[in-house]
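Asks: Letter by letter, the chains look like this.
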Amino acid sequence: MQGNDHSVVRAVLVGDKEAYGALVRAHSAAVFRVAFRITGNEADAEEIVQEAFLRGYQRLESYERRSAFGTWIYRIAVNCALNRVSRPGIEAEYRHGEETDPEEKTVQVASRDADPERVLLSQEINAAQQTAMQRLTPTEKCAFVLRHLEDRSMSEIAEVLEIAPNAAKQAVFRAVQKLRRELAPLRGTA
Amino acid sequence: MRHLSEDEMVELYYGEGAREADAHLKACRECSRKYTDFSRSLEEIRPAAVPHRSADYGDRVWETLRPRLIPYEKTASSRGWMQWRVAAMSVGCALLLAAVFFGGRYWERNKTKTADFKDHPQATQRVVVVVLSDHLDRTERLLVQLEHSESPDTAGNAQLQSEARELLASNRLYRVTASNTGDAALAGALDRLEGVLAEIANDPNLTAADLKRVRMDMNTKGILFEIRVLHARSQEQGTKGASI
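From first to last, the protein sequence lines stand for chains Y and L.
In this text, residue positions in the first sequence follow my numbering: the first is 1, and each later residue adds one.
In this text, residue positions in the second sequence follow my numbering: the first is 1001, and each later residue adds one.
Do not take every clue at face value.
Derived lysine to any residue pairs resembling SDA-like cross-links, with alpha carbons at most 25 angstroms apart [to be verified]: (1) Y:Lys-17 - Y:Ser-86; (2) Y:Lys-17 - L:Ala-1055; (3) Y:Lys-178 - L:Arg-1215; (4) Y:Lys-178 - L:Ala-1055; (5) Y:Lys-178 - L:Asp-1134; (6) L:Lys-1034 - Y:Ala-132; (7) L:Lys-1212 - Y:Gln-134; (8) L:Lys-1212 - Y:Arg-135; (9) Y:Lys-17 - L:Arg-1215; (10) Y:Lys-178 - L:Arg-1066.
Covered stretches of chain L, going by a simulated chain Y footprint (3 or more residues, C-beta under 8 angstroms) [to be verified]: (11) 1023–1033; (12) 1051–1062.
I should point out that these hints are in silico values taken from the structure, not numbers from a laboratory.
The beta-carbon is built from N, C-alpha and C at its ideal position, and this holds for glycine as well.
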């Protein structure tokens, strides 16, 4: 796949714009997934997918063939998502959305048990997790999502976020500490 | 016996822990119990289900994106020709510059004997020290400002944030250079400083409470002290260099 991606990139760079479609089709689902996990918002994640592939196309000449195209576009998408959540007012918008549209928060998979009480509890826990995540700083949130949900190593996180490895590690530590503290009261009820 | 810290448990949980920590965990019953509780609490943080995308999602993204893309116009042959032309022009320019440079040197050497820059590596070093000293001076001022920033004035915080953004990029370069040249003290301090700068630069709504949190979480007083020591050291090096 990687070799194939490289030949597609070469084709795009010599004028075959349509060839880029193959890269978009192959990687858009992965880009959407990480964008959604960072922003927590479907519409924003969709926009980030568009933005990432557009930026990727514009910067294709700087793409170095040492890395896979998938990794490269993933990095661009994480940066787009980080910029999005760092924008003033965005976090507040998300919180507002949660308050006015409680259905938004029920995107989690509920317990297989049909017991309504358990379903309700599971929803409450999920909502609390989302709120706790929104309280993290953008760097902490991105670092945590990449480590905990995307299973990226600390060095990869540092590279993607363009910070020192130790700073990436500290961001994950702080995120874990804050999330555990915020969710501690729920642990007894889970 | 020193028990495991929460940070060490985080590293162990994500499979990046030190061998010593792993051995301690196996030997210490108290840490083992704490770690079980710790991992359970992290396992409970499950990913939000990502909304399902249909199989034609990639096609839809491409259809929306396609009209916005301008094709790269260079064809393979014209690209190759252009590369040759650029290479030939570069070589020509380089030869011309070399001729002018060496001609000038020859003429100058014949005319008058001047001190050779190459004989004084301290001069180059002095430039590096002055530039680094300027960076440390700016970061020191930013940290002092951060230490005393209590006002809820967001305009003042925005200024602090824009300064942090500027410093973040240059700090990264100095840290990598210090690390490559084996200056562990400088690299370590710049590494810790980078964490603080990243926190301030990336915060979407920097309030006085955020600044207070950064001060407490990241021990900015300690970093300020380190920067002051390094700044004094670099100034001393600069003065020594100047007196040579």
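Asks: If a hint holds in the structure, say so; if it doesn't, say that too.
Replies: Hint-by-hint comparison with the structure:
1. Y:Lys-17 - Y:Ser-86: Given pair Lys-17 (chain Y), Ser-86 (chain Y) is violated - Cα atoms ~32 angstroms apart, limit 25 angstroms.
2. Y:Lys-17 - L:Ala-1055: holds (22 angstroms)
3. Y:Lys-178 - L:Arg-1215: holds (16 angstroms)
4. Y:Lys-178 - L:Ala-1055: violated (37 angstroms)
5. Y:Lys-178 - L:Asp-1134: violated (36 angstroms)
6. L:Lys-1034 - Y:Ala-132: holds (22 angstroms)
7. L:Lys-1212 - Y:Gln-134: With a Cα-Cα distance of about 19 angstroms, the restraint between Lys-1212 (chain L) and Gln-134 (chain Y) holds, given a limit of 25 angstroms.
8. L:Lys-1212 - Y:Arg-135: holds (15 angstroms)
9. Y:Lys-17 - L:Arg-1215: violated (50 angstroms)
10. Y:Lys-178 - L:Arg-1066: Between Lys-178 (chain Y) and Arg-1066 (chain L) the Cα gap is close to 42 angstroms, so the pair fails against 25 angstroms, i.e. violated.
11. 1023–1033: violated (count 0)
12. 1051–1062: Three-residue rule met by the segment 1051–1062 of chain L, so holds; n is 7.
Going down the numbered hints, you'll see the structure goes against 1, 4, 5, 9, 10 and 11, while the others check out.
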